[in-house]
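Line by line, the protein sequences give chains A and B.
FYI, the numbering for the first sequence is 18 to 150, going by this note's numbering.
FYI, the numbering for the second sequence is 721 to 1253, going by this note's numbering.
Check before you lean on any hint, since a few could be wrong.
Subject to a maximum C-alpha distance of 30 angstroms in a straight line, what follows is the list of computed DSBU-like cross-link-like pairs (lysine-lysine) [said to hold, decoys possible]:
| # | chain 1 | residue 1 | chain 2 | residue 2 |
| --- | --- | --- | --- | --- |
| 1 | B | 997 | B | 870 |
| 2 | A | 117 | B | 1030 |
| 3 | A | 117 | B | 920 |
| 4 | B | 1140 | B | 933 |
| 5 | B | 870 | B | 1250 |
| 6 | B | 938 | B | 920 |
| 7 | A | 117 | B | 840 |
| 8 | A | 117 | B | 1179 |
| 9 | B | 759 | B | 997 |
| 10 | B | 759 | B | 940 |
| 11 | B | 840 | B | 759 |
| 12 | B | 1042 | B | 940 |
Taking CB as the label site, the calculated pair distances span [what the hints assert, rightly or not]:
| # | chain 1 | residue 1 | chain 2 | residue 2 | range |
| --- | --- | --- | --- | --- | --- |
| 13 | A | 98 | B | 1022 | 31 to 41 angstroms |
| 14 | B | 894 | A | 131 | 37 to 47 angstroms |
| 15 | B | 964 | A | 132 | 47 to 57 angstroms |
| 16 | B | 1060 | A | 112 | 32 to 42 angstroms |
| 17 | B | 756 | A | 125 | 56 to 66 angstroms |
| 18 | B | 971 | A | 131 | 40 to 50 angstroms |
| 19 | B | 1144 | A | 98 | 50 to 60 angstroms |
| 20 | A | 132 | B | 787 | 24 to 34 angstroms |
| 21 | A | 124 | B | 1182 | 27 to 37 angstroms |
| 22 | A | 112 | B | 860 | 42 to 52 angstroms |
None of these hints come from the bench; they were simulated from the model.
Glycine included, every Cβ here is placed at the ideal spot set by N, Cα and C.
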Amino acid sequence: MSVKILPRRTFIKNVSIFLSMPLLANFIDIDQPVLNVENYLREVLPNNFSAMSIGEHIVSVQKKSSLSGEMNHLFMILGVAENDILSMRKQTFITILREKIQNDFSIGNFSNIGGWILSDTEVGLYKVLFLIR
Amino acid sequence: MYIDANDLDSKVMEADICIIGAGCAGITMAKEFLNTGVKVLLLESGGFEYDDETQSLYEGENVSLHNFDLADTRLRYFGGSTNHWGGMCRPLDEIDLVQRDGVHDVSWPIQFDELVPYYKRAHIVCQLGPYIYDDPYFWEKQPEFSPLLKESDQLRTSLFQFSPPTRFGQVYRDIFKESENIDVILNANVLEVETDEQGKKITSVKAATLRKKYFSVKAKKFVIAMGGMESARLLLLSNKVQKNGLGNANDLVGRYYMDHLDAWAGAIQLIYDMPIKSMYFDLRTHIASFPAAKFGALLTPTLSTLNDNKLSNFRFIISPAKTSKGIDSSKYIAHEMGAGHLPDNLGVHLKNVLSDIESVANVGLKTVFNSQNDFFKVQPFSGKLVSKVTLDLNMEQIPNRNSRVMLSSEKDFFDQNRIKLDWQVTRDDQFAALKAVEILAAECGKYNIGRVFMPDSIKDGEVDFGISSHHIGTTRMADSARTGVVNSDCKVHDIDNLFVSSSSVFPTSGWANPTLTITALALRLADHLKKVL
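Starting from the given sequences, assemble the full structure and let the hints guide the process.
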């Protein structure tokens, strides 16, 4: 599979969006930020130990890939534009994400990653989360 | 009355019905004739207690994929294998009795509805609660229990009930003591079923004790109730007139041997913790509405799942995984420190480690001392919530002609051929296991229950299936002698007066444990014999 090379400007912008969420959220929403790793896991996978266990397995088997490529892939499969995320409330984003994941399982878009049966959206998300970290 | 065969004066005994084998089927049948005026002889190989010499008659040759000891899965004394029975009871599903395209081409020659009254009577014999399994209002009446995947159209929660378990040899021992019409002959090993010259009618059975006292029993009707392996063996051994053995003109006796296929199917990492007191974990749950019953719950496929995917039936038994917050936190701290990060919520994780120091110490000390044993005693489920469950998959085995009980060249104490078992599973069984776990994984994801971990053995179709010691199928029931050994009345085709009462007559196995169905069929056969005697 070919990885799309992003212009440096777009790459920095994407990373900035993710990393600045905790700050941006303070202005956009009184809620917690959208894509903060820990908060995301707590919301989408409320059991922190569950999230850790699953994450540990994926991390151990995934090949390294570029953050920018994975982020763009994630935006694409979520059907969300980068700019929309900036104005999106955390709960809205989580709802989109959850519906997409649940829909993946409904239509058979899931795969076996180190034994864990995960939705394709999740796999993309965990890659991004890991690469950010 | 109980009689030790070693003390018999007569060399020939006579009865209306001779039942061979005093396990759940034999005892259930004999019980039905109490005080009826029908003379019944119930022959049992063993006595009232376990005996090594008698048990060794069960030894045999096992050339199966899974080499278990044939003498370990059964018990040969009064009460039979109910003496080590776990007690799980559940009727078969209606779909288990019908031919299914793409799964198997065999159907039971009786309707499910016809079995229901016998299942209800079997409930009393097995000391169960009311006959409640698939009552749609059950969960509404039990608001304290929340079934998983309530909205799913692929999987459902099924109930089973637990017998105390009924040790038939103990619970029903006294009722035969003073009986005038039922004699139980102990230490009576049946060696052969003898027929007339045409091989169409049974004239007697030949029996002996381990002290080599030989005798025979003449009766109007004979019932073989010796379990899924031994019933086939006796038919094969009885080959003086019919050279391939009784009921074996079409080479079916001993074939289609099945067991419930057992496999560790992975785990579910739950998104929301489950209470430790869930019915899925506490398999003997008492419910206020039904004080006499003990219920358990498991996950099973819906009818549409089975039909749409052309799958054999299955169940998932789920139990709390052994988790330790102390060990999880230790791993997390080590992982983060190793990556050069200061762990988030370090205080919380340190608290977890300290509060569960015994588990953490066990892991460390076992590693240091290369030991398998724990150094400190740990209660694995001291908490009230469960975040991870393990999955035990127990499946219907697809009937397979090549999976069979045969006669070995090895001989037993009486110079009788022992059993040679060749239990075989197929690629279709392996595929069914994979599909079952995939369906569960999809439903857990779709309904936000959790994520499923699938072991490589399931994924790769290389499961080393374990046994459930449910011996099924070797004298299967069918309308025609071409496709089955016994007919819908459990009478051996083309033999006037020989019947089989055992799980060996099941043409298919479903996922339900067999004892309740064995008991129901024994009651049904007893009713039939009352009519025809």
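Hint-by-hint comparison with the structure:
The hinted pair formed by residue 997/B and residue 870/B meets the criterion: a straight-line CA distance of about 18 angstroms does not exceed 30 angstroms. Taking the CA atoms of residue 117/A and residue 1030/B, the gap is near 28 angstroms; set against the 30 angstroms cutoff, the hint holds. Under the criterion of a C-alpha separation no larger than 30 angstroms, the hint pairing residue 117/A with residue 920/B is inconsistent with the structure, at around 68 angstroms. Among the hinted pairs, residue 1140/B with residue 933/B is consistent with the structure: their alpha-carbon atoms are about 27 angstroms apart, no more than 30 angstroms.
The suggested pairing of residue 870/B with residue 1250/B is violated, with an alpha-carbon distance near 45 angstroms, which exceeds 30 angstroms. A hinted pair counts as satisfied when its Cα atoms are at most 30 angstroms apart, and residue 938/B with residue 920/B qualifies at roughly 15 angstroms. Among the hinted pairs, residue 117/A with residue 840/B is inconsistent with the structure: their alpha-carbon atoms are about 47 angstroms apart, more than 30 angstroms. Taken as a hint, the residue 117/A and residue 1179/B pair is honoured in the structure, with Cα atoms around 25 angstroms apart against an allowance of 30 angstroms.
The straight-line distance between the Cα atoms of residue 759/B and residue 997/B is roughly 50 angstroms, outside the 30 angstroms bound, and the hint therefore fails. Distance restraint check for residue 759/B and residue 940/B: the Cα-Cα separation of roughly 10 angstroms lies within the 30 angstroms cut-off, and the hinted pair is therefore satisfied. Distance restraint check for residue 840/B and residue 759/B: the Cα-Cα separation of roughly 26 angstroms lies within the 30 angstroms cut-off, and the hinted pair is therefore satisfied. Between the alpha carbons of residue 1042/B and residue 940/B the distance comes to roughly 57 angstroms, so the proposed pair goes past 30 angstroms and is violated.
Evaluation of the 31 to 41 angstroms hint for residue 98/A and residue 1022/B yields a pass: the beta carbon distance comes to about 40 angstroms. For the pair residue 894/B and residue 131/A, the beta carbons lie near 59 angstroms from each other, so the given range of 37 to 47 angstroms is not met. Judged by the Cβ atoms, the range 47 to 57 angstroms given for residue 964/B and residue 132/A holds: they are separated by roughly 48 angstroms. Evaluation of the 32 to 42 angstroms hint for residue 1060/B and residue 112/A yields a pass: the beta carbon distance comes to about 35 angstroms.
Between residue 756/B and residue 125/A the Cβ separation comes to about 60 angstroms, which falls inside the hinted range of 56 to 66 angstroms. The hint said 40 to 50 angstroms for the Cβ distance between residue 971/B and residue 131/A, and at roughly 48 angstroms that hint holds. Taking the beta carbon of each, residue 1144/B and residue 98/A are about 57 angstroms apart, inside 50 to 60 angstroms as hinted. The beta-carbon spacing between residue 132/A and residue 787/B, approximately 28 angstroms, falls within the hinted interval of 24 to 34 angstroms.
Separated by about 28 angstroms at the C-beta atoms, residue 124/A and residue 1182/B satisfy the suggested range of 27 to 37 angstroms. Evaluation of the 42 to 52 angstroms hint for residue 112/A and residue 860/B yields a failure: the beta carbon distance comes to about 29 angstroms.
Of the numbered hints stated above, those contradicted by the structure are hints 3, 5, 7, 9, 12, 14 and 22, listed in ascending order.
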